[in-house]
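From first to last, the protein sequence lines are chains A and B.
Position one of the first sequence corresponds to residue 0 (numbering that gives the first Met the number 0), numbered consecutively onward.
Position one of the second sequence corresponds to residue 0 (numbering that gives the first Met the number 0), numbered consecutively onward.
Think of the hints as simulated: they come from the structure by calculation, not from any bench.
Be careful, since some hints might not be right.
As the list claims (entries may be wrong) - Restricting the straight-line Cα-Cα distance to at most 30 Å, the calculated cross-link-like pairs of lysine-lysine (DSBU-like) are: (1) B:K92 - B:K20; (2) A:K626 - B:K111; (3) A:K626 - B:K19; (4) A:K171 - B:K117; (5) A:K99 - B:K139; (6) A:K99 - B:K156.
Said to hold, decoys possible - From chain B, some residues computed to sit far from chain A (all C-beta separations above 12 Å): (7) L200; (8) R204; (9) K218; (10) R275.
As the list claims (entries may be wrong) - Here chain A is said to cover these stretches of chain B; the calculated rule only asks that three of the stretch's residues, wherever they fall, bring their Cβ under 8 Å from a Cβ of chain A: (11) 29-35; (12) 50-56; (13) 148-154; (14) 290-299.
Glycine included, each C-beta is placed from N, C-alpha and C at the ideal position.
What follows is each chain in one-letter form.
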Amino acid sequence: MTVQRVVNILLLGSVLIAIWTLADTGFFPFHWLLAGAFLLVISLIPGMPKIPRLAWTALSLIVFMLFIEEGLLRRQPVMAAVKVLIYVTANRAFQLKGPKAHMQLFLSGFLLMLAAAAYSLTFMFLFLFSVYLILSASFLIAFHFTVEGSAGADGELLRSVKRLPWLRLVSKLVSAALLIAIPTAGVLFYLLPRVGLGRLERSSADIPHFSGFSTEVDLDDISSILEDRRIVMRVKPEKRLRWQDPVIYLRGVSFHTWDGSAWARDSNLRLVGRLGDRQLRFRRPARTGGAIRFEYTLEPVLNTVVFTVDRTLSFTSSYEADVLLGRDSSIYFDYPPLRRIAYESISEPDLPADAVLARAGDDYPEELDRYFNIPEQAPEIEELALRITAGETTAIRKARALEKYLRENYRYSLDIGQQPGGRPLHDFLFDRRAGHCEFFATAMTVMLRMNGVPSRLVNGFATSELNELDNYYIVRQSTAHSWVEAYFPGHGWIRFDPTPAIRDQGAPTGLAAVVMSVLDAVRFRWDRYVIGYTLEDQIAALRFIRHKSREYRFAIDRWLQEGGSKLRALRSRLDAETSLAGRIIMPVLFVAVAASLWILLFRKRRKKRRATNEATRWYLRMERVLKARGFQRGPSETPLEYARRLAGAFPLVGEVTKLYNRARFSGLSITPEYRQAVLTLIRELKRAPGSNSKA
Amino acid sequence: MIRAILKRPRLQFRFTSTGKKTLILALIVGAGALNTGVNLLYLVFALLLGAIIASGVLSGITLWDVNATLRLPGHVFAREPFFGTVRTRNLKKRFASYSLWVLEASHGLLGKGAYFPKVMSGQNCTTEFRHAFPRRGLVKFDWLQLMTRFPFGLFEKIVKIKADQDVIVYPRIFQLEKDLSAALSGEGVKEKLRKGSGMDLFNIREYLPGDHPKHIHWKSSAHRSLLMVREFASEEEAKGIILFDNSFPARDASSALLFEAGVSLVASVADNLIRRGMQLDLAAWGQAEWNCSGEGGLKRILTLLALIKPLDDKDLKELPDPETMLESAQTGGISGVMFGFGNTGNDGRYERLDLGPLVDKLNIRMRMKQ
Chain A
0 MTVQRVVNIL
10 LLGSVLIAIW
20 TLADTGFFPF
30 HWLLAGAFLL
40 VISLIPGMPK
50 IPRLAWTALS
60 LIVFMLFIEE
70 GLLRRQPVMA
80 AVKVLIYVTA
90 NRAFQLKGPK
100 AHMQLFLSGF
110 LLMLAAAAYS
120 LTFMFLFLFS
130 VYLILSASFL
140 IAFHFTVEGS
150 AGADGELLRS
160 VKRLPWLRLV
170 SKLVSAALLI
180 AIPTAGVLFY
190 LLPRVGLGRL
200 ERSSADIPHF
210 SGFSTEVDLD
220 DISSILEDRR
230 IVMRVKPEKR
240 LRWQDPVIYL
250 RGVSFHTWDG
260 SAWARDSNLR
270 LVGRLGDRQL
280 RFRRPARTGG
290 AIRFEYTLEP
300 VLNTVVFTVD
310 RTLSFTSSYE
320 ADVLLGRDSS
330 IYFDYPPLRR
340 IAYESISEPD
350 LPADAVLARA
360 GDDYPEELDR
370 YFNIPEQAPE
380 IEELALRITA
390 GETTAIRKAR
400 ALEKYLRENY
410 RYSLDIGQQP
420 GGRPLHDFLF
430 DRRAGHCEFF
440 ATAMTVMLRM
450 NGVPSRLVNG
460 FATSELNELD
470 NYYIVRQSTA
480 HSWVEAYFPG
490 HGWIRFDPTP
500 AIRDQGAPTG
510 LAAVVMSVLD
520 AVRFRWDRYV
530 IGYTLEDQIA
540 ALRFIRHKSR
550 EYRFAIDRWL
560 QEGGSKLRAL
570 RSRLDAETSL
580 AGRIIMPVLF
590 VAVAASLWIL
600 LFRKRRKKRR
610 ATNEATRWYL
620 RMERVLKARG
630 FQRGPSETPL
640 EYARRLAGAF
650 PLVGEVTKLY
660 NRARFSGLSI
670 TPEYRQAVLT
680 LIRELKRAPG
690 SNSKA
Chain B
0 MIRAILKRPR
10 LQFRFTSTGK
20 KTLILALIVG
30 AGALNTGVNL
40 LYLVFALLLG
50 AIIASGVLSG
60 ITLWDVNATL
70 RLPGHVFARE
80 PFFGTVRTRN
90 LKKRFASYSL
100 WVLEASHGLL
110 GKGAYFPKVM
120 SGQNCTTEFR
130 HAFPRRGLVK
140 FDWLQLMTRF
150 PFGLFEKIVK
160 IKADQDVIVY
170 PRIFQLEKDL
180 SAALSGEGVK
190 EKLRKGSGMD
200 LFNIREYLPG
210 DHPKHIHWKS
220 SAHRSLLMVR
230 EFASEEEAKG
240 IILFDNSFPA
250 RDASSALLFE
260 AGVSLVASVA
270 DNLIRRGMQL
280 DLAAWGQAEW
290 NCSGEGGLKR
300 ILTLLALIKP
310 LDDKDLKELP
320 DPETMLESAQ
330 TGGISGVMFG
340 FGNTGNDGRY
350 ERLDLGPLVD
360 KLNIRMRMKQ
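Please construct the entire structure, taking both the sequences and the accompanying hints into account.
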């Protein structure tokens, strides 16, 4: 395969990857991209018939008309520009002759990749972009050699260029280039200020999104959501949680009114403030003192509910939206986040101990009346509720008894089918004895109310899927969950989960689980630190650096102070314990040890240099005397050649040169014979009659 | 290391057109990133800047600790192509140098440059080039330039390397068919039974440094496993003198051309005469070469002619007159030929030397006297 062909393949490969990346965004018409890729591939096939110029002209005209129609009339300039780029790419690929055409094709590939970068949100971009980088760098380096190494008008490559080991050379140079470029780019990426002028900010309405979480509970049709394993969000606690319970609960909305088949929630919301540049604090007294910061990365969703680890004390995000608060402590955005957003909360996930809650009493405020509401006249259920809690005197013990009873006597199932009669809770408790989390939560809430404990049903997510590599929780659609909150005076709403633990059927196991875990950790970091990197992150990083530098500075100051005081103490001890002679001897000893070390380390080198210098000095002395007699050494004449030239007139020069060479290049000390020979020669020369003739 | 950095020759740096376009593209991407706030555009922007920086670092490594030397032939004639070599040496211990150009800017010796795709660490690479100097004279090569556009062709980095090399370009030699020595001395050359520069074999002896390789006697060398050279019998050397009247105010381009043609003609005649076995003296205003015979003598004459300059009238006051020299030479019985421009030798003492149409073409008046 010729070098030129390798260059062409690398170039077309990089352009194909750019097209693939563009297709991966899902924003651009697939048939255009496919056609572009197809044309690129067939342009590589040797012996392909040339497309006539007239055909290209006609095609150019059609594409131009399409551009006008789509870009100007339908006002989709980006889409139109991408189509034109694909056409230009195919055109250049078919007329790939000469360096200019190569660079034009590379540029159009780069612009396609740029369009993909502007619209991509997927993790796949990382992989494709990496491949693109390698191919592009390989092409550019190989192309550089072919351009520089071509001779003559026909661009024939020099033989020395043709003979290069291309595969090894290009891979080595690409590695070197990327080894410098990627870390540099990494530093620049994180330093470039994210000021976000936002004049041409992308319309978020085009971004794919999904919904899954429901703000309604009617004990029907939850299966489709629960089986969906797509990731909704990732939650990273600032430190590893050390809970007994491995499940993390992300609270969404709560429901207060049960009508026998469905729950209703509050629609009265209060504006708390606007996000974007400040932290919103909720006026809630700290309960256990174990407040932790959580970072959330939420995928695009179609509802406005904010999921946070309960109990939320404050909330912050760069997402510019109004935050609304329901009477039930649920948090809402004013508008659904149709792009991936990140937010943080400071939450207090720990619950008070049962013994503490047992002392809470039953002095419930009046506004909780609606949480006692039981519209359905169901004596069997009430009888069951009272039977389960018989003998229990405190609210917490009643709640724990109900929770335990439901967990132990009922089975989790998504396969509930349609039950006639419109009494889903009755069917669950007495007939079917199996159901999903909403049945369990509804049953416990209703039975708590029957026992005189104010309670409500909560919808959100509960997950135990911890990515051990990066210490974050993965929240999937399938982990949507319902649980119960009961009110304890002085402590607020406390969480109970009566649903028996179930094993995630779709979760991978073994090596696949490890691989998935690694991949998801990379994806999480990509989303968090590349796609979702913001000005706030930069400020936080700068604060962190400032904080750390202060810490180190204080540590150094402290260390110096301690060292200084130790030295002072040592000195006063010496003053007290040693005599004047001792105080003089100590520094002298110190200097002597340092000097000995210095000599040991550098003696050999110095000795060699000294020997060399002395040998040269003596030789130069001889040379000066000979020059004065008219026998100058030529600028390109070596000492041996010089000695050979003078062998007839001054045989001693040969002897001196031999000794000089030995001393000069062996690094050994010069011998007394050498010195003597030079001195004898100088004496001889001085005695000899003056001569200016050349030897 | 510090000394090496301090001594490092200053780099010249300039963006190529590709580099300028890349920089503009990077700035556009940067502006787009700033405007849209899309992090992946920031990433592409950062990578473009990273590539530019990587390009700078790699090209810097390529030029670091590399030197270049020229090797030119011992003698060169004007307008006559010759082959020389340029050698690069990578003195780095670890890194190879890639895509290296050696340029010679002052005389265009290397054309667009000598290209070395790869020079391994601690190794030399040599390439040959062909060149012809347009005119005679002393050509000094003070500097060579090492240039690279490696690895992406974004910019050119140039470092100057001291060359310190001179070449004396001899005047152009015409082929003169006629044996001028016979015309000058009136008789041919006589062979003598002693060592000399004649045509007949005199002896075969061991090779000594300085002997011309073309005189090696290969048969006896092979026989004795020792390099042997031929010695030739001496011939009666006719003696002659060439006087070159270089008093010629070459003020404009055409007169300068005429002067150059004259120098070339003198060189051609000298070459012809010496190759025919004559011993020559060459005298011009203020400079002369005496007793020139054989290769060495011809070199001395050609060196003088390579460096000779036209003299103005005012320069001639303090210099010995070549015609006076000719007179004294003729009293010693030496034949002479005088070359001059314009009014040289109008007193009838010289006869015209028949050099055919060449002389007429050059409009040089030459006369000789025996």
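Going down the list of hints, with the structure as the test:
1. B:K92 - B:K20: violated, 35 Å
2. A:K626 - B:K111: Between K626 (chain A) and K111 (chain B) the Cα gap is close to 44 Å, so the pair fails against 30 Å, i.e. violated.
3. A:K626 - B:K19: violated, 58 Å
4. A:K171 - B:K117: Distance of about 13 Å is within 30 Å: holds.
5. A:K99 - B:K139: violated, 39 Å
6. A:K99 - B:K156: holds, 22 Å
7. L200: holds, 29 Å
8. R204: Consistent with the label, R204 (chain B) stays out of reach of chain A, its closest Cβ about 19 Å off (over 12 Å).
9. K218: holds, 30 Å
10. R275: Since the minimum Cβ distance to chain A is about 31 Å, R275 (chain B) lies beyond 12 Å and the statement holds.
11. 29-35: holds (count 6)
12. 50-56: As far as the segment 50-56 of chain B goes, the hint holds, because 5 residues have Cβ atoms under 8 Å from chain A.
13. 148-154: holds (count 5)
14. 290-299: That given contact is violated, which follows from only 0 residues of the segment 290-299 of chain B lying within Cβ reach (below 8 Å) of chain A.
Of the numbered hints given earlier, the model fails hints 1, 2, 3, 5 and 14; all others are met.
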